[in-house]
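Chemist: Chain order of the listed sequences is A and B. Each number in this note's numbering corresponds to the 1-based position in the first sequence with 2 added. Each number in this note's numbering corresponds to the 1-based position in the second sequence with 2 added.
Careful: at least some of the hints might be erroneous.
It does not matter which identical chain is meant; a pair holds if it fits inside one copy or across any two.
[What the hints assert, rightly or not] Okay, derived cross-link-like pairs now, PhoX-like style, lysine-lysine, Cα gap no bigger than 25 Å in a straight line:
| no. | residue 1 | residue 2 |
| --- | --- | --- |
| 1 | 257 | 108 |
| 2 | 229 | 363 |
| 3 | 350 | 337 |
| 4 | 499 | 157 |
| 5 | 398 | 350 |
| 6 | 394 | 82 |
| 7 | 499 | 158 |
| 8 | 44 | 350 |
| 9 | 490 | 82 |
| 10 | 157 | 398 |
| 11 | 362 | 229 |
| 12 | 250 | 350 |
| 13 | 337 | 250 |
| 14 | 35 | 250 |
Hints are computed from structural coordinates only; laboratory data are not their basis.
One-letter residues, chain by chain:
There are 2 protein chains.
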Amino acid sequence: MSISKKQKSTPLYIKVHESDNVAIVVNEGGLSKDTMFPCGLKLIDDVPQGHKVSLTSLSIGEPIIRYGEIIGYAREVLQKGSRIKESDVSLPVPPTLSELIQDSTKTEEMEPINGYTFLGYENNDGSVGTKNILGITTSVQCVVGVLDYAVERVKKELLPHYPNVDDVVALNHNYGCGVAIDADDAAIPIRTVQNLMKHPNFGGEVMVVGLGCEKLTTSQLLSSDDKRDVVLLQEEQGFHGMLETIMKMAEEKLKRLNKRERTLCSLSNLVVGLQCGGSDAFSGVTANPAVGYAADLLVRAGATVFFSEVTEVRDAVHLLTPRAANEDVQRKLVKEMEWYDRYLERGKADRSANPSPGNKKGGLTNVVEKALGSIVKSGRSPIVDVLAPGEKATKKGLHYAATPASDFVCGTLQLASGMNLHVFTTGRGTPYGLAMAPVIKVSTRNALKEQWHDLIDINAGEIATGNATIEDIGTELFHYMIDVASGKKKTWADYWKLHNDLCLFNPAPLT
Amino acid sequence: MSISKKQKSTPLYIKVHESDNVAIVVNEGGLSKDTMFPCGLKLIDDVPQGHKVSLTSLSIGEPIIRYGEIIGYAREVLQKGSRIKESDVSLPVPPTLSELIQDSTKTEEMEPINGYTFLGYENNDGSVGTKNILGITTSVQCVVGVLDYAVERVKKELLPHYPNVDDVVALNHNYGCGVAIDADDAAIPIRTVQNLMKHPNFGGEVMVVGLGCEKLTTSQLLSSDDKRDVVLLQEEQGFHGMLETIMKMAEEKLKRLNKRERTLCSLSNLVVGLQCGGSDAFSGVTANPAVGYAADLLVRAGATVFFSEVTEVRDAVHLLTPRAANEDVQRKLVKEMEWYDRYLERGKADRSANPSPGNKKGGLTNVVEKALGSIVKSGRSPIVDVLAPGEKATKKGLHYAATPASDFVCGTLQLASGMNLHVFTTGRGTPYGLAMAPVIKVSTRNALKEQWHDLIDINAGEIATGNATIEDIGTELFHYMIDVASGKKKTWADYWKLHNDLCLFNPAPLT
Ligand SMILES: [Ca+2]
Ligand SMILES: [Ca+2]
Ligand SMILES: [Ca+2]
Ligand SMILES: [Ca+2]
Ligand SMILES: [Ca+2]
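Full structure from sequences and hints, please.
Modeler: The structure is reproduced here in C-alpha cells:
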C-alpha cells in the first residue's frame, strides 16, 4: 500500500496494490478539479473523500483494478485523473462456485504465540465467558410484554443484591409461532435460539419463558421434557402469577451466578466475531486490515475467530477457497455460497442492492469492491472450518461463519456460534451494540472518531493519513480486546448500554 | 347451535350446525368413557375439554362435518360416541381458487344503526385517534439502542410536563438495511412502515430517526426530501448530540400533541382489527361468534372492520367469496390467497404446521376446522374491500386485510392499515398487547378468565355453558369497545403496559 506521511492539506490518495489502476482520495472534504498530487497526477474532476480516481487512461471494456483484483470494467473511456462513478463501471459476474474446489489448498502456516491470557468466567462445558449475565430466553414473541416488565423489576429489585452479576438480558425475538416450523429452513432459527440459550456469557444457567401453545416448544428448545428451567405463562395464575414465578426463578439463578469470579484463562478461550457495517472506501484500507492483523494475532494465540457476511464475501470467494485448510472446508464454503445464491434468486433479490446508499456515498462502487475490502478483516490465517448460520463452532482458529451481512442478523448468528467478543468496523458510523457480548467499534476515518468520540472505541483512520501503520492499530486493538474481555475496560456501547435487538435469520415463510 | 342450560356436572357438548356429525365437549377437565349425555349419547372414549365426539358412526372415507362444513374424512371406522383424534381425520384439499369467482355475489344487506359516538382525537386528515401518542419511527434497526435510551429519557424528563399525551412509542423493527430493498416483495415492509408512521393515534406528528446510510432512506419513507421531521444519527455530534437532537424534536411535538383534546366523534371513525391467537375448539363457538356479532354492529354503525390471517381463512375462503360486495373484491381476495399459496410453496411450508401444538391440545384437529372457527369473527356483513398486507383502508365497512396469522405480524399490519382498536380472542391464553392501539382480549372459556383475571377483558366462555348468548357477549363487547376507544376504560394490556414488539412482514430475502 503506498501512502505518504500526513502533511496538512497535501493531496493524498491510497493505492492498495501495485497493479491497481485506481486509487481513493484520502483528504477530508474531497479534492477539487485541477488538484495536483505530489506524484504529478492531476484531477480532471472533483473527487469526494473515499471516492476513486483513475491513475491511467482506460478504454471501454478495460478492467478496473483495486486490491489487485478486477472490481469491474470501464463502461466508457475514462481519462487519467477522472473520478470513477458507479455508472462508469459494469459489474462483473461472481466467481463460478463449482470451479473453486481444488485438489490441494495452499495455506500459510502461522507462527503460534504463547502466554496471552485474559480474565474470564470459566464454564463447566469448557467455554469461557467475558461477562456474567442472567440470560432469559423466549420461545415465542408473545411473551415479550410480560418478560420486559419482569426483567425491569428483576433489574430494579433483585440485581443490586447480586453485584457480581453484570446484567439481566431478555432474549427477545420474533420467532416461535406463526412460522413454517417444519420447513427445511426452519432449522436455522431453531438452532440459533438453542445455541443463544447456552451462550458462554450465561454461566451455564438456562432460563426459558414460553407461552405454552407456541409451535417452537420449550421441550424442543431444551431437547428434553425437563421443565425445571421453564416458565410457561399459560400455566400461571394471571399476570401476578407470571411475575412471581419469573422473579423467583431469576433470583435462584442470580444467587448462583453471583458466586462466580473471573480467573486467569488462556486467550485461546476467546471467540471473536468480526463484522463491518456502514462501510466506506476506507474500510478496506484502514480498519479492516488492522482487524485482520489482530485476527491473525488471535489465531496465533489459539483463539477462535469468525468472519461472515455472505453477500460481502461472495464476489471475493475465489480468494478464500485457496485459504481453506482442506478440501472438506472448501466444499463447505462453496455449499454455503450456493445455498445463499439460491435463497437470493428465489426471492428475486437484485445484486446491485448491496452496497447500500451510504456505502456508495462513502465511495464503494459495487459489491465486488465492498467484498474485497470486507474479507481483509480475516487476515491471512487458514480457514479451519465453515459454520452454517447459527451453528456452534467446535474448533479453534479462523472460521467462516456464513451469515447475512445485515449487522444485527450477523451479530445474532455469531453470538449463537459462541462469540464472546465482537469487533465491528464502521466508516459511515453506527451506534451498534449487543447486550450479550461486548462490541468494540473501530472507525475507518479520523473524522468519524472526532465526530463520534463517545461511541467509537478504536480509530484506524490514522492509517490513511500515514500517522499509524496497520500493525500499530492492529496491536492496539489486540490489547484492547484483552482488556475488554477481562472486564478491565468498557466499550462505549456497554458504557451507554446501547444494545441492538436480536434478530433471527428465518428464511422459511410466516404462516 | 344446540346447547343446554348449565347444570353443575351435567355432561355437555356443543353441536354448531344441524348437519354436524361431531360435537365438542364443554365440561372442564373433559369427560370420561361411559359418560352418558342427556340426549342418550354415550362416550366410548375419554374426551378432553374442547375435543370432538362422533355423534354417529362413520365409515372410512365418510365426511366429518362441523360448522355445517366438511373438516375432513374418516381415516378409519369411527364408532358413535368415540373421540375424534387428529390421526383419524384426513385433511381435505383447500378450495380451488380459480373456481371461486362468480358472476354475481349475494350479500346480506345490513340495517344501519345511527347515533353511536365515542370520544376520539380528530386528525387533520379526517382520521380519528383512540390515543394521543408521540410515535417515533425508525428507518433501520441500527438506531434502536440510541432510540430506546432517548425514549426512556423523554418519558422520564419530558412526558410528565405534557399530561394530555398518553405515551411515547418507538416504532422499532428489524427492517431497513441488509434487505433486498429492490425485490418485488419489499413493497410490503416499506409501505407498512410508511403507513405505521402516519397512524391515527400519532395526531399527525411524524418523527423519524434514521442512521443515514441505510437502504430504506428517510426520503423514501417520507416520500420527500424534507428533513424537518428527521434525525439522522450520522449527522449528529456523537451520542450526546444524538440525544439532544432527539429530545428537542420530541419536545416540540409533545407541546403540540398536548394541546389536543377528545371530542365527540361518530362511531364510523372506529377502525377495528379482529384477530385470534392461541385458539381452541371453543374459539369458533363462543368468542369468535360474539366478536362477529359486535363486528356486524360496528359495520351497521358505519365503522371499518378488518379480519385477517390468510392461513386461517384459506380453507374456508369458499364461504367468503360469496360475501364479497362485487366481483372486483372477489378477485382481490382470490389474488391475495394465490400470492400466499405461492409464498408458502416457495418456502416449502407444511400445511399441517397450522394449527399449533396448543391449538391441537385445545381440540382443533386441522387447519380447516381452525379456519371455520376463525372466519366467524367476521360476522355476516358484505366484504367491501380486500387489503394487501400493510395497505391502508380507504373505505368503511368490513374488509379482509390479508396478513399472516402470526399474532404480532397480523397486529403490526392491521395497525398499518389504520386500525385504532384491536379485538383479540384467545382460548389457550396470550398476554398480547400493542403500544400503538388498545387491545381488548376476549376469552373463549370461563376457566381462562378465572385463571387470567388480570389479563382478560371480556369473557365469552359463558356462551358455552349456556349462561349467556352470543348476542349478550357481542353487545357487551360493543359497548366496551366504545368505552375503551373513548379512553374511559383501560384494557388490561394497557393497564400493565404489556406490549408486543412490532414485527414487519418481509417476504423478500435478507442480504
Ligand atoms: Ca459488512
Ligand atoms: Ca454487517
Ligand atoms: Ca388466529
Ligand atoms: Ca393470530
Ligand atoms: Ca425492545
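Chemist: Compare the structure with each hint and give your call.
Modeler: Structure-based check of each hint:
no. : hint        : in the structure
1   : 257 <-> 108 : neither (51 Å within a copy, 67 Å between copies)
2   : 229 <-> 363 : between (52 Å within a copy, 18 Å between copies)
3   : 350 <-> 337 : both (20 Å within a copy, 20 Å between copies)
4   : 499 <-> 157 : both (14 Å within a copy, 17 Å between copies)
5   : 398 <-> 350 : neither (37 Å within a copy, 36 Å between copies)
6   : 394 <-> 82  : neither (50 Å within a copy, 53 Å between copies)
7   : 499 <-> 158 : both (16 Å within a copy, 17 Å between copies)
8   : 44 <-> 350  : neither (43 Å within a copy, 58 Å between copies)
9   : 490 <-> 82  : neither (51 Å within a copy, 73 Å between copies)
10  : 157 <-> 398 : neither (35 Å within a copy, 46 Å between copies)
11  : 362 <-> 229 : between (51 Å within a copy, 21 Å between copies)
12  : 250 <-> 350 : neither (49 Å within a copy, 42 Å between copies)
13  : 337 <-> 250 : neither (46 Å within a copy, 51 Å between copies)
14  : 35 <-> 250  : neither (69 Å within a copy, 40 Å between copies)
The structure fails hints 1, 5, 6, 8, 9, 10, 12, 13, 14 (numbered hints given earlier, in ascending order).
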